[in-house]
Structure formats: structure tokens, C-alpha cells
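In the order they appear, the protein sequences are chains A and B.
Start counting the first sequence at 1; every next residue gets the next number (my numbering).
Start counting the second sequence at 1; every next residue gets the next number (my numbering).
Since the hints were derived computationally from the structure, they do not count as laboratory data.
Capping the alpha-carbon separation at 27 Å, the derived lysine-lysine pairs in DSSO-like fashion look like this:
no., chain 1, residue 1, chain 2, residue 2
1, A, LYS56, B, LYS160
2, B, LYS56, A, LYS160
3, A, LYS163, A, LYS229
4, B, LYS22, B, LYS161
5, B, LYS229, B, LYS219
6, A, LYS56, B, LYS229
Computed from a predicted model, the values in this text were never measured in an experiment.
There are 2 protein chains.
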Amino acid sequence: MSTDKSSSHISQRYDDELSGVKSQLFEMGGIVEKQVKDAIQSLLDIDSQIAEHVVKDDTRINDMEVAVDEDCALILARRQPAASDLRLVLTIIKTTTDLERIGDEARKIANQAIMLAEEGPAPSGYVEIRHIGHSVSTMLSQALDSLVRQDVNLALEVAKKDKAVDLEYGTAVREMMTYMMEDPRSISRVMGIMWSLRALERIGDHARNIAEHVIYLVKGDDVRHVGIKQMAKAISDDD
Amino acid sequence: MSTDKSSSHISQRYDDELSGVKSQLFEMGGIVEKQVKDAIQSLLDIDSQIAEHVVKDDTRINDMEVAVDEDCALILARRQPAASDLRLVLTIIKTTTDLERIGDEARKIANQAIMLAEEGPAPSGYVEIRHIGHSVSTMLSQALDSLVRQDVNLALEVAKKDKAVDLEYGTAVREMMTYMMEDPRSISRVMGIMWSLRALERIGDHARNIAEHVIYLVKGDDVRHVGIKQMAKAISDDD
Chain A
1 MSTDKSSSHI SQRYDDELSG VKSQLFEMGG IVEKQVKDAI QSLLDIDSQI
51 AEHVVKDDTR INDMEVAVDE DCALILARRQ PAASDLRLVL TIIKTTTDLE
101 RIGDEARKIA NQAIMLAEEG PAPSGYVEIR HIGHSVSTML SQALDSLVRQ
151 DVNLALEVAK KDKAVDLEYG TAVREMMTYM MEDPRSISRV MGIMWSLRAL
201 ERIGDHARNI AEHVIYLVKG DDVRHVGIKQ MAKAISDDD
Chain B
1 MSTDKSSSHI SQRYDDELSG VKSQLFEMGG IVEKQVKDAI QSLLDIDSQI
51 AEHVVKDDTR INDMEVAVDE DCALILARRQ PAASDLRLVL TIIKTTTDLE
101 RIGDEARKIA NQAIMLAEEG PAPSGYVEIR HIGHSVSTML SQALDSLVRQ
151 DVNLALEVAK KDKAVDLEYG TAVREMMTYM MEDPRSISRV MGIMWSLRAL
201 ERIGDHARNI AEHVIYLVKG DDVRHVGIKQ MAKAISDDD
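Pulled out of the complex, with its shape left as it was, chain A reads as follows (with noise of 0.2 Å):
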């Protein structure tokens, strides 16, 4: 009796911290789509008072990677997870290194906005960065909702928008370029612009890596570098 006892509370514990380091990466998650929003909000209304404060926040990110990844050394140390536990803490340790990169991102795009209330709003680019910077965040929400509800399907949605993204993020920059062109003056302030819709291209990426390792928690396959079709293949194959 009390054997069993006592390793349902070792089991009991051990339940507990893997839903701990969950919930903390889920915290850590919404954090970072708040700095994403933030950022893009800050430069689209020329607001540096919000921009220095997603520079500010982006320390919390930071330490928030490290203590996520600190509490999963410390499980896989003690429990020694397997199968499905040790996916996930992998999966973890992967998603918070694409959340801090994602901090960084949108901590790029708001030093951008803070060079641009200085310097004076570009004189193109808006639609852009809102255009794009809606659909990233949308990528961003979902890929971490995937990750809530270990949704491979939604996962697939955000993997297929990517796709979308890179195209219109090519399109966008040709555009810039066309307008450096024509109005050499501006060049230094539509830059501002290009550096920002590189960042959050890059969110896109980071997102769509969070999707693929939802793929992997819940499949058990690497889908990373590969296409749409055979990650699609990936999530209809039953286990």
C-alpha cells in the first residue's frame, strides 16, 4: 500500500512538472505574440513609446527561455521521460528557442519603429507590413494554438501560409526596391521598412517550425525540411 502510494505521488509530482513547464512555455508564447503585435502596432502608428516598451519586454523573453529549458533539463535529469513525455520536452526545448528568436524579431522591428519616429514615417511600405505583419500573427496564434490542442491539422494551416508569406514578402521587397529607386531620399527611412518585413518573414519561419514540431509531438515525424505534401502524408498516415 504504501509503496503504490508513494509512486503515485512520485507520478502525481512528476504530472505536475510536465504540466509546469507547459504552461510556462504557453505563458512564454503569449507573451511573444503580444511583443509580435506590439511591434507591428508601434511602427504602423509611429508610436515609440511602444516600441521601447518591446525592446524593454524582450529580457523576459529571454530569461523565460532559459528558466523553460533549465525545468526541462531538470525533468529529463529525474524522470527520464519516454515516448510521448520525451517528445514533448524535446518539443518544448525546440519551441522556446523559435519563441526567443521570435523576441528578437519583433525587438528588430521595433527598433525600426523607434529609427522612424525619429527620422519621419516612410513614404511607402504601410499596407506591407500590415498585410504581412496580419497574416504572421495570425501563423504565430495558430501555430501555438496547434501546440494547445496538438492539432497537426491546424499545424498544416500555418506550414501552408508560410508558403503564402514567402511569396508576398519577395513581392513586397521588389516593391521597395522600385521605390528606393525613384525617390533616392527615402531610401534610408523605406530600409527601416525592408528590415521590418524581414522580420517578420522570419516569424513566419519560426512559426511554421513550431507547427512542425507539433507534427513531431504528436506523430513522432521530423517533417522539417520537408514539403507540404509529404508533411501532409505525414498527418494522415495512422500511427
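We have chain A; now place chain B onto it with these hints.
Just chain B now, kept in the frame of chain A:
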């Protein structure tokens, strides 16, 4: 007796698995190093043939990332490593991600080289590419060396160099912008140099990440997001 023998067999196999995954990682590191050097060379020599090789070979790096990660997951599941072995496996998992991203950046440089081979060379920026390219190639070699030799002092050197590269990158970008303003017809070609400089700067960041993983591996301290001073303190503390 037979138990001893079988457990020593198991531990021998475990050691083999750990060395196996380590040598895979080092092999991957060597390939990535070459990709970076070739990408820079293709840009400087306006050699689209080398550039196309770099683009093609990127899939090899991607495949290696997936293979190493899979082996690491197997070791975690079967061997349940603790202490320094666990840190080694976690370090390898993190390092493959950085190496794969470095490979992506090399591919991006190669793509710009292909574009510039078609459109004609940029009128400016090759000195900066050569200089920063040399710095980040050295950083990458040193980061990989520091991992092989578990040399935290060398890892610290890499982090210091990254700060210098970031400053040089900032200067180079400002110069390129001035150049574009003076000669707007060259904008699309100078942008090819800009994106390449950006990719080099990112390679420097990833080399620094690898150096940080080495300090974690050897010292057990997570030195991501801390300054150089704090890093130096972590490596000088006796454990």
C-alpha cells in the same frame, strides 16, 4: 561475472553511441564551415557554379540535422543520460539547430551570388564582405574547435568577436545605404550585398550561440543573454 560483462558491454555501446553522435555533429560542422567559405567565395569571385553547389548541398545539412536529432532522442530514450552526458546530448541538439541555420544563411548568400552573377557585380561592398566574411568564418571554426576541445576560453573569444562583428556590420550597412543614395541605379545590386552582409552577421550570431552551448556543456551555466563580463565570470568560477 556475467552481469559485469553484460553491463560493461552496455556501457561500451552507450559510449559508442555518444561518440557516434558527436562525430556526426563534427562532420556536420565541417560541411557547414565549407558551405560558408564557398558561399563567400562565390560572391567575391562572381562564380555562380560554386554558388549553385552551395544551394544544392544545403539539403545534405538539413538531412544531417534530422539524423543527429533522431539519434539524440534515441539516446535520451534508451540510455537516460544524467549530468554531463545529458548536457552533452542537449548541447548537440541545440548545436545542430544553429548549424542548420548557418547552412540556411550560406544558401542565402549563394543565392545573392547567383543574382549578382546575372545582373553584374555590385559597384561596392566587396571589401566589407571579404572582411566580415573572414571574421565570421574564423568565429565558426573557433566555435566548433571550442566544442571539440571543450575549451571555454576559446568559446569566450568567439563571443567577444561577435560584438566586434556586429559593430562592423552596422558600419558596413550605413556605407551601403550612402552608396545607394549616390547611385540609385545600383540599388538592386547593392541590396544583394546588404542581404549577404546580413546573412554573415547572422552566421556570427549562431557561432556565438554554439560557443555559449560549449560553456553550458563544460560549466553547467546557461550564459545565453548575459554580457561578456558575466560569461567570463562563469568560465573562471571553479565548480
